[in-house]
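For the record, the sequence lines run as chains L and P.
Using numbering that gives the first Met the number 0, the first residue of the first sequence is number 0, and each one after it goes up by one.
Using numbering that gives the first Met the number 0, the first residue of the second sequence is number 0, and each one after it goes up by one.
Incorrect hints may have been included.
Same chains, same label: a pair holds when it works inside one copy or across any pair of copies.
[Unchecked claim] Heads up, simulated SDA-like pairs for lysine to any residue below, C-alpha to C-alpha not over 20 Å straight-line: (1) Lys85 to Val75; (2) Lys89 to Tyr103; (3) Lys77 to Ile60; (4) Lys136 to Tyr103; (5) Lys89 to Phe44; (6) Lys77 to Thr101; (7) Lys89 to Asn141; (8) Lys89 to Asp105; (9) Lys11 to Glu27; (10) Lys20 to Asn152; (11) Lys184 to Glu131; (12) Lys89 to Lys174; (13) Lys156 to Ile23.
FYI, nobody ran anything at the bench for these hints, they're computed from the structure.
These numbers were taken from a predicted model, which means no experiment stands behind them.
2 protein chains.
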Amino acid sequence: MIINFVSGNPGKVREISDIIKNSISNIEIRQLDMDLPEYQGDSEFIVIKKLEEARKNAGNIEGAILVEDSSLLLNVYKGLPGPYIKYFLKAVGPEGIYKMVTPYEDHTATAQCIMGLQLPNDEPRLFTGKTEGEIVKPRGNNGFGYDTCFQINSINKTYGEITEQEKNEISHRMKATKLMIEFLKNL
Amino acid sequence: MIINFVSGNPGKVREISDIIKNSISNIEIRQLDMDLPEYQGDSEFIVIKKLEEARKNAGNIEGAILVEDSSLLLNVYKGLPGPYIKYFLKAVGPEGIYKMVTPYEDHTATAQCIMGLQLPNDEPRLFTGKTEGEIVKPRGNNGFGYDTCFQINSINKTYGEITEQEKNEISHRMKATKLMIEFLKNL
Numbered sequence: 000m001i002i003n004f005v006s007g008n009p010g011k012v013r014e015i016s017d018i019i020k021n022s023i024s025n026i027e028i029r030q031l032d033m034d035l036p037e038y039q040g041d042s043e044f045i046v047i048k049k050l051e052e053a054r055k056n057a058g059n060i061e062g063a064i065l066v067e068d069s070s071l072l073l074n075v076y077k078g079l080p081g082p083y084i085k086y087f088l089k090a091v092g093p094e095g096i097y098k099m100v101t102p103y104e105d106h107t108a109t110a111q112c113i114m115g116l117q118l119p120n121d122e123p124r125l126f127t128g129k130t131e132g133e134i135v136k137p138r139g140n141n142g143f144g145y146d147t148c149f150q151i152n153s154i155n156k157t158y159g160e161i162t163e164q165e166k167n168e169i170s171h172r173m174k175a176t177k178l179m180i181e182f183l184k185n186l
Numbered sequence: 000m001i002i003n004f005v006s007g008n009p010g011k012v013r014e015i016s017d018i019i020k021n022s023i024s025n026i027e028i029r030q031l032d033m034d035l036p037e038y039q040g041d042s043e044f045i046v047i048k049k050l051e052e053a054r055k056n057a058g059n060i061e062g063a064i065l066v067e068d069s070s071l072l073l074n075v076y077k078g079l080p081g082p083y084i085k086y087f088l089k090a091v092g093p094e095g096i097y098k099m100v101t102p103y104e105d106h107t108a109t110a111q112c113i114m115g116l117q118l119p120n121d122e123p124r125l126f127t128g129k130t131e132g133e134i135v136k137p138r139g140n141n142g143f144g145y146d147t148c149f150q151i152n153s154i155n156k157t158y159g160e161i162t163e164q165e166k167n168e169i170s171h172r173m174k175a176t177k178l179m180i181e182f183l184k185n186l
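Assemble the whole structure, with the sequences as input and the hints as a guide.
Next comes the structure, spelled out in structure tokens:
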């Protein structure tokens, strides 16, 4: 089966492709680099709308369509920046995300990935992966996005301090992808 | 002429209606309370898309359609939260907006209002009003939104410390509305 993954970020595509290849055989992930307008709202709504737009834009493409929304929920900001984290990273980087929480005692955060899968003739399927952690002064050189300022509770390291392989074992994106794999295995 | 102003915020509708009534006679502002999905992106894009959606939803309504995007651009955040300010205000209030800039020396900000007007058989018209100021610990009890934490440079007071009448003389929303009034007068 072909899964067309809508993303402009090769780092994400590689992450997901690696996880899937290790778990299920007959699936090929193809990058579908299209620039889709995204709605404001909660992550579930954004993913469902993104899936609709991608289907419209992709025309009669072979296989399934996969979209993803990665967000960072700061608890003192009641879940913001959430899906808008990409704009904040672009503006102030991981150091600036850390500065956002410094006026507060509570630095806890959730890294969240929602994958939206649209198989031909099926309803949209959403798979949510979450990892609990806290925002720290950036550490490490690996990863992308907010990886260096997000310290995972279970290992007390940031995503930036572990290898890509280690990340693929514990990340929020991995958790969402595993849920999707379970779904695909049971088709 | 009837102008149908898409807004769920009676405070905004009253502000604009007051400004227009004092400047031009034969215009009636009606509140059009519809819940429109909004796109992510820069304010101009959001306003144009909002206008398209509003037209679709309003059907054969009599008169023009007016939408508005109010945003707060913090300079140390390179213009963010921008159009997402409404979510931040809901989450952390004006006090939390102030806390966002406390780790930085630069507390300067721009309050921006873009009004989008769609007359029948015309292209969308955008009118942008800006007021320069700085983010301060909230002061005053008037206004709504970020009024209490935004100190206007020209008067060293927050929008929360001046009356509605005073605000209607100097606000970013007034500036955008005046530009629209000039346009309407020259029709």
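Within, between, both or neither: how does the pair Lys89, Asp105 come out at a Cα-Cα threshold of 20 Å? Close across copies (19 Å), not inside one copy (24 Å); limit 20 Å.
Within, between, both or neither, where Lys85 and Val75 count as close if Cα-Cα is 20 Å or less: Classified as both; 18 Å inside a copy, 16 Å across copies.
Give the relationship of Lys77 and Thr101 under a CA distance limit of 20 Å: within one copy only, between copies only, both, or neither. both (15 Å within a copy, 19 Å between copies)
For Lys89 vs Phe44, is the C-alpha pair at or below 20 Å within one copy, between two copies, both, or neither? between (23 Å within a copy, 19 Å between copies)
Using 20 Å as the alpha-carbon threshold, which applies to Lys89 and Lys174: within, between, both, or neither? neither (25 Å within a copy, 30 Å between copies)
Within, between, both or neither, where Lys77 and Ile60 count as close if Cα-Cα is 20 Å or less: Close neither inside one copy (39 Å) nor across copies (38 Å); limit 20 Å.
Identical-chain pair category, Lys11 with Glu27, by Cα at 20 Å: The answer is within: 15 Å in one copy meets 20 Å, while 52 Å across copies does not.
Checking an output row: Lys184 and Glu131, CA cutoff 20 Å. Within, between, both or neither? Classified as neither; 27 Å inside a copy, 57 Å across copies.
Alpha-carbon proximity between Lys20 and Asn152, which holds within one copy, between copies, both or neither at 20 Å: neither (27 Å within a copy, 58 Å between copies)
With identical chains treated as interchangeable, where does the CA-CA distance between Lys89 and Tyr103 reach 20 Å or less: within a copy, between copies, both, or neither? Cα proximity of Lys89 and Tyr103: across copies only (17 Å, versus 23 Å in one copy).
Is it within, between, both, or neither for Lys136 and Tyr103, if the alpha carbons may be no more than 20 Å apart? This pair counts as both: shortest intra-copy Cα distance 14 Å, inter-copy 15 Å.
Up to 20 Å between alpha-carbons, please classify Lys156 paired with Ile23: within, between, both or neither. This pair counts as neither: shortest intra-copy Cα distance 29 Å, inter-copy 63 Å.
In the structure shown, a violation is registered for the earlier hints numbered 3, 10, 11, 12, 13, in ascending order.
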